[in-house]
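Fit chains B and C to the supplied structure of chain A, relying on the hints for placement.
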Amino acid sequence: IVDAGIGYGKAGDTTFNGVVSGPYSAPRIGFKGSEDLGGGLKAEFALEQGFSIDTGAPASATRQFHRQAWVGLSGDFGSVGLGRQYAPGYNYSLKFSQAVPGATFNSQAFLTNSIPGASIQPGTDARWDNSITYKLPKMGAFSAEAIYSFQTAESGDDRGQDDKMGVAAAYAAGPVTVGAIYHNSRRAKDNLKEIYLGGTMDFGVAKLSASYQTAKENGVVDAQVAYLGVVVPVGKGKIHADIGRLSDDENADNDSTSLSLAYTYGLSKRTTVYVMANRTTNDDNAARGVLATDDGAASTSLAAGLRHTF
Amino acid sequence: IVDAGIGYGKAGDTTFNGVVSGPYSAPRIGFKGSEDLGGGLKAEFALEQGFSIDTGAPASATRQFHRQAWVGLSGDFGSVGLGRQYAPGYNYSLKFSQAVPGATFNSQAFLTNSIPGASIQPGTDARWDNSITYKLPKMGAFSAEAIYSFQTAESGDDRGQDDKMGVAAAYAAGPVTVGAIYHNSRRAKDNLKEIYLGGTMDFGVAKLSASYQTAKENGVVDAQVAYLGVVVPVGKGKIHADIGRLSDDENADNDSTSLSLAYTYGLSKRTTVYVMANRTTNDDNAARGVLATDDGAASTSLAAGLRHTF
Amino acid sequence: IVDAGIGYGKAGDTTFNGVVSGPYSAPRIGFKGSEDLGGGLKAEFALEQGFSIDTGAPASATRQFHRQAWVGLSGDFGSVGLGRQYAPGYNYSLKFSQAVPGATFNSQAFLTNSIPGASIQPGTDARWDNSITYKLPKMGAFSAEAIYSFQTAESGDDRGQDDKMGVAAAYAAGPVTVGAIYHNSRRAKDNLKEIYLGGTMDFGVAKLSASYQTAKENGVVDAQVAYLGVVVPVGKGKIHADIGRLSDDENADNDSTSLSLAYTYGLSKRTTVYVMANRTTNDDNAARGVLATDDGAASTSLAAGLRHTF
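Protein chains in written order, with our numbering: chain A, 424 to 733; chain B, 424 to 733; chain C, 424 to 733.
Be aware that a few hints might be false.
Since the list can't tell identical chains apart, any single copy or any two copies may satisfy a pair.
[Claimed, not checked] When the alpha-carbon atoms are kept at most 27 Å apart in a straight line, the in silico BS3-like pairs for lysine-lysine are as follows:
1. 616 / 630
2. 692 / 455
3. 612 / 661
4. 465 / 659
5. 518 / 659
6. 518 / 661
It is worth saying that the hints were derived from the structure and are not from the lab.
Looking at chain A on its own, in the form it has when it is part of the complex (with noise of 0.2 Å):
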């Protein structure tokens, strides 16, 4: 996938224009496989890298294949996969939280990312080393993942200090879809619990998603993120748009209200052409924004670009 587009931002006395990598979808390249070994058994691997394509960097500097590595089994009993991999708060939250399209200008997205180690959400903390996963066998409606973390891979304890798990549940019923995620995460200080619950309904002439999330560590943060959006087919388009709002019962004058538009057209079934808006308020110590940030101040940020995937 490379997308880039041209974009402007404001927020008090700040101001961004240039180009930007991946509005819509983050740049990557990477391999994917898998084997049949008979007996219903298949063995799979994916290896998948970032980058910024403004300036061609790796969006990981000491990673090489900083969004997915491992290998796995998988057949009958489900499916188990060793290497860095994604946590059920990426796979799950993109089913629930995505009427605004990528990591960029989606508010539930860039609302839950400001918060420091919160990982259900579709960016970089999502992505955790040293997991196992297990993945449910299909079963009709009902779907569920785990993972569990040893985040530095060396301990001398039965857990180790910064290791994390995580487990999630979805379920389809006709144009209805729910789902829960539980995140615990070692931290510094203590560990950062975070707990979401989403859904979304389908009316054929929009789609409406919602989904509502916590995330506390003691003494740190004690944040909820409450998001709500709709997508509107129109011919070959579609319009997107969503609202957030993130509110900190631990820290003072910390909450934002995020509320994002998007275009869409899809000039083939790989290539598409989008603009996407955002306007972002924020209390006193609060700088939130998608592409410029000011203490207190509103962030206002457009883009129009191109993706094309290959």
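This is chains B and C only, laid out in the frame that chain A set:
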């Protein structure tokens, strides 16, 4: 492309012997693609990475796709690209200053590359981050392109403190092709302004190349580079020769003259063996040379190697 | 190749549990190719990169193609290569010291790798930058190769202060193959000289491997590594066992003895599951082990995993 040679260099008290990466063509790998969107419209992208074949090190420690990383659209209107792209000074100087092939032994390439920030040459400074390019559609003998680079992609002014722009055009009339390039780069003290004029004439038994360029940044550099080269096909091989002269009106005793000779022989369309030689003479304060340099001393360099494209 | 396992290690007060990258084979991807130039002549190249599947990190922070990066010609005269290449100590020690597979649990590999700079083993120190290699053409049962590495590619002397050279040869007679390797590496204080003798004997029901090697650098190390291993095929699986002994005549109380066991089972030609175990005992000043080490303490390591080649 993979390319490696054995090299020897001597300048004053400094000598070099060892394996040289890419004397003919800098080693690179990458991905390119285009998709036909109908109505003459095409989506295009390129991701290209350079590396040193002598050590396996990447060409840039911080950029994954150091050479190119962009996505764009082309059609009847011409073509537009977004990302890290070649400036016109790369694409057009290759037309008129490439008698001796490559960026290592070519006299125009290594002399111009020695001017800090100079970008009308086939080296790293001719690839610009965060850039927008526009190329005219094919119009018979005339071609032209332009680029604007938001170099750091962030600014409080209308134009960023290190933004860059460039334009170039070329015209072909029978065996003669002529062209011109202009680059303007914001630098720490002042703008660096570069002008380039070049032409080739193909006699069949030999092809002549000539160029003249200036690079001026107030108080830093005021340089001219003159270049003359010739390529003579001899059976399956080619003899290449060029001479370059850099003179600097801003800094005293900083002029250099470079003379290069090369013989290339194609074992196949994809595999070429070659020998190259360079002799550079320097003023007292200049230290230019291909494989070895020493203040004020003349530099002699030799290499023999193998290039294979895939 | 992707390879990951779950591992546990204990040595004195240190324990390890987590995901292990590449206990069987170090994960890698790359590009290889050759072109037939006619008359028996071929152009060849290889670019190969290693990475850790537990974190997605590259095997080397500074080298893109950390494992191999070279271009060469082969023909009736043998083959010549230029670039970053495997030394003979890599290619030939794999023939005679690989009863337990890989570089992680294999006794010869991890014991020899603990000697600073020792390069007759299948680890990183056996890949040399800026090198020229020559391999004899296939001549029945006899094979040989040599390498010279301009380690930093720059020098004022005839031979660089950290240049390296190596030669190796092997001879096969029926079920028996024997070989010898010699490496000489310039080091800070003195040259590090390494000698290796090895052999295998294939009885059909079992294959024996044995090797003996020395590594001597005046005032730094004077070590011997003895190795004995056996592989027994059992249906679609194989039982592997080896024992290694490192003794150091330069440093007191620095000897170690390693015993490894492994069982590998091929789910297909491309996918293998395995379990591996190691027990290493150390002198008072030695701290060798596979997954956990502690001064003078014995180290126990276990791993189970999955390897998939593509």
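Taking the hints in turn, this is what the structure says about them:
no.	hint	in the structure
1	616 / 630	neither (30 Å within a copy, 54 Å between copies)
2	692 / 455	both (21 Å within a copy, 18 Å between copies)
3	612 / 661	neither (44 Å within a copy, 48 Å between copies)
4	465 / 659	between (37 Å within a copy, 18 Å between copies)
5	518 / 659	within (22 Å within a copy, 43 Å between copies)
6	518 / 661	within (17 Å within a copy, 45 Å between copies)
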